[in-house]
Amino acid sequence: MSATSSRPKTKILQSQPPSDAAGLAELENRPPRLPDGPQENEPVAKSLTTKERKSPETSKARAIAAKRVEQLLKLHYLRTRDEQTCIDILFHDEITPDFGDQVLNCDLSGMTHMTEEEFQRLMSTLKFHDVLQYVELPGLRIGTPSTTDLDGVNENEQKGRKNLAWVFEKLRSNGVQKVLRVSVDDTLLPPHSDEVIEDSLKPMEVEIWDWKKIDLCSEVIFNAAPMVREVYLYCSGNNAILRSWSDEGGLKRLSHLKRVYVDVKMEFRKLLIDAENNYDTGTTKKVWEMIETPIKVALIDDGVDIMKLDLTPAQCLGGRTFCPRSGPHDMCKNHPHYISSAGHGTIMAEAILEVCPRASLLVLKLEDLPSKNGNREITTQSAVKAIKKAVQKRVDIISMSWTIDVDESDPAKNDLEEAITSASKLGILMFCSAKDNGADNRQTYPAKAASEKIFKIGAALESGVADEWVGDLRLLDFTFPGSKKEYNGMTIFGSSIATAYAAGLVALILYCVQVRLFLATSEADKMQARKDFEALKKHENMSNVLGDTIGTTPMSQHKFVMVWNMFLPAVQNRDGKPDKLLQLIAEVGRKLCARVE
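Residues in the sequence shown are numbered from 1 upward in steps of one, following full-length UniProt numbering.
There could be a bad hint or two in this list.
SDA-like cross-link-like pairs, simulated, lysine to any residue; straight-line CA separation at most 20 Å [claimed, not checked]: (1) K212 to R243; (2) K425 to D405; (3) K591 to T521; (4) K591 to M555; (5) K580 to E597; (6) K591 to T552; (7) K212 to E486; (8) K162 to H113; (9) K425 to A535; (10) K178 to M204; (11) K258 to K296; (12) K74 to L180; (13) K213 to E230; (14) K162 to V220; (15) K270 to R243; (16) K537 to R394; (17) K60 to E70; (18) K296 to E350; (19) K170 to E195; (20) K537 to S424; (21) K413 to K448; (22) K252 to M227; (23) K127 to N105; (24) K162 to E117; (25) K178 to D210; (26) K538 to M527; (27) K448 to E417; (28) K453 to E486; (29) K448 to A412; (30) K270 to L309; (31) K162 to L188; (32) K388 to I404; (33) K213 to L188; (34) K389 to E418; (35) K453 to I339.
Calculated directly from the structure, the hints in this document are not laboratory data.
Construct all of the structure, not just a fragment, from the sequences and the given hints.
Written as structure tokens, this is what we have:
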């Protein structure tokens, strides 16, 4: 499983970052206090005579010290501020008139293919600073399409791709010496070879490593970025790889490493499916068909393109639409729930099922109308009808990746509050999104109707820090990865995605408890599992599971849920007989209920 972060997964290793004390002292007009003891390649500090102060050696030493302070100060801001803030503070014309139009990043997000000529043309227009905040490269092919084999792989790429290496080669030739963060999507086949990755990044002094190559060897990271502070890893579920990362010859060799993020979402999903497929139920039915209580999730959105998602009958409970057509000849006609108006609901459905493939979706389509500012605005009455239908269907979870401003004079306002209260009383776990409007902290519906009974979810960056657009963290319950998702040319990111991930995680939590119930052999164990399952559907209990049993990161002000804490050990312990894998899922279900009363 950000994450946002996810995005989804942290293990903190004992290592201290370099101090920024000198740079901060400079900001406060104080003389920097150098660390105790002699510095590297420098003599022990001593009192200087007047003659010594004027000597060429002293002037040179001072110039070197000033340069170090300047570099430390610059790195501090490049690590902690956005590009424009850094330019305003560090590179305005009065201080660095030669900075000009230099850029502090290389971001090719959204591109899928470029010819060599297009790439060269683009790079020739950009002036890069010698230190970049980040380089972000999507699943991108650079070059002229050439003859391919039957699998669609370029005949020159049989041993791994090389074209993204051209980006780093071009950056070096343009004077770039250091890149603080590297984010590369290397999921296209074939991926870049280890040798190419090392050669590309070795001169760049990378501090944050996010090269999305499955089962990447830690030796590559050690050779390419020995000074790295944070590492993002992507695992297929191969236990040997997981162990190689954690053994003495693995990531422990990186002496500056502070945090490791392991994307565990897809690995636990794979474990769950493998466990079910390898378990002999003694009948022709599969495990998920024998679960006592399917996990029902009401997705209230703009519909879902059912035909474009590979859904099983168990994953789709059907749906209803509350979106009437408005044409002169459309009386009694509605826009169907199985077609998404803009693709938003389809992306939310994908996100929920990505985390919990055994969730059963009830699709409830909202009505939206043009607003004064040109956007689409959800009608309060359609939201009321959708929530009431979810209550009627006795769903376990309601996912609402939207917000609405309800006028006090709206006659449906009271109906909306009553519908939400009714859902809460029935033990339905509700999730809604933060407004994603920055400093505008006005409360919006549905959270405003029952702030203590609805989980308000905000988006987090991959590091786990909240996205700046979510506003006041005190108004949020939790944050989840708000990573980008694309569908039919539409890109969705932010708190909408985070809310769907949160709903998917809670569906997975409930399903793990149902697996525990399925494997229970005694009546007493079955009764306890049923009791725990019902208890988890209370808002306060699920809040404790997310915040305490699973846990949150301190750096996110205890908002970002550390999903990996609970689910990664199961992936790491998947050795053994295939028919015993389901026990790992049941054990997760037991641990999740450890603090439930």
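Here is what the structure says about each hint:
Only pairs whose Cα atoms come within 20 Å are accepted, and K212 paired with R243 is accepted, the gap being roughly 19 Å. Distance check on the hinted pair: K425 and D405 sit about 24 Å apart at the alpha-carbon level, beyond 20 Å; violated. Using a Cα cut-off of 20 Å, the hinted pair K591 and T521 holds, with the two alpha carbons roughly 18 Å apart. Annotation: proposed proximity of K591 to M555 is violated, straight-line Cα distance about 25 Å (limit 20 Å).
The straight-line distance between the Cα atoms of K580 and E597 is roughly 29 Å, outside the 20 Å bound, and the hint therefore fails. Of the supplied pair hints, the one linking K591 and T552 holds, its CA atoms being roughly 16 Å apart against a limit of 20 Å. Of the pairs offered as hints, the one joining K212 and E486 holds, with about 18 Å between alpha carbons and a cut-off of 20 Å not exceeded. Distance check on the hinted pair: K162 and H113 sit about 14 Å apart at the alpha-carbon level, within 20 Å; holds.
For a cut-off of 20 Å, the pair hint linking K425 to A535 stands: about 13 Å separates their Cα positions. With a C-alpha separation of about 5 Å, the suggested pair K178 and M204 falls inside the 20 Å cut-off, and the hint holds. Taken as a hint, the K258 and K296 pair is broken in the structure, with Cα atoms around 40 Å apart against an allowance of 20 Å. Straight-line distance between C-alpha atoms of K74 and L180 comes to about 12 Å, which keeps the hinted pair within the 20 Å bound.
For the suggested pair K213 and E230, the alpha carbons sit about 16 Å apart, so the restraint of at most 20 Å is met. Restraint check for K162 and V220: satisfied, since their Cα atoms lie roughly 16 Å apart, inside the 20 Å limit. The hinted pair formed by K270 and R243 meets the criterion: a straight-line CA distance of about 18 Å does not exceed 20 Å. Between K537 and R394 the alpha-carbon distance is near 12 Å, which keeps this suggested pair within the 20 Å criterion.
Pair hint K60 plus E70 holds up; C-alpha atoms about 15 Å apart against a cutoff of 20 Å. For the suggested pair K296 and E350, the alpha carbons sit about 15 Å apart, so the restraint of at most 20 Å is met. Pair hint K170 plus E195 holds up; C-alpha atoms about 18 Å apart against a cutoff of 20 Å. A hinted pair counts as satisfied when its Cα atoms are at most 20 Å apart, and K537 with S424 qualifies at roughly 10 Å.
For the proposed pair K413 and K448, the alpha carbon gap of about 11 Å is at most 20 Å, so the pair holds. About 12 Å separates the Cα atoms of K252 and M227, which keeps this hinted pair within 20 Å; it holds. In summary, the hint linking K127 to N105 is supported, as the alpha carbons are separated by about 10 Å, within the 20 Å threshold. The straight-line distance between the Cα atoms of K162 and E117 is roughly 16 Å, inside the 20 Å bound, and the hint therefore holds.
Proximity of K178 to D210 is assessed by CA-CA distance (about 15 Å); at most 20 Å being required, the pair is judged to hold. Proximity of K538 to M527 is assessed by CA-CA distance (about 18 Å); at most 20 Å being required, the pair is judged to hold. Using a Cα cut-off of 20 Å, the hinted pair K448 and E417 holds, with the two alpha carbons roughly 9 Å apart. Taking the CA atoms of K453 and E486, the gap is near 31 Å; set against the 20 Å cutoff, the hint is violated.
Annotation: proposed proximity of K448 to A412 holds, straight-line Cα distance about 14 Å (limit 20 Å). For a cut-off of 20 Å, the pair hint linking K270 to L309 stands: about 18 Å separates their Cα positions. Restraint check for K162 and L188: satisfied, since their Cα atoms lie roughly 12 Å apart, inside the 20 Å limit. Distance restraint check for K388 and I404: the Cα-Cα separation of roughly 17 Å lies within the 20 Å cut-off, and the hinted pair is therefore satisfied.
Among the hinted pairs, K213 with L188 is consistent with the structure: their alpha-carbon atoms are about 9 Å apart, no more than 20 Å. With a C-alpha separation of about 13 Å, the suggested pairing of K389 with E418 holds against the 20 Å cut-off. Distance hint between K453 and I339 is unfulfilled; the C-alpha atoms sit about 30 Å from each other, more than 20 Å.
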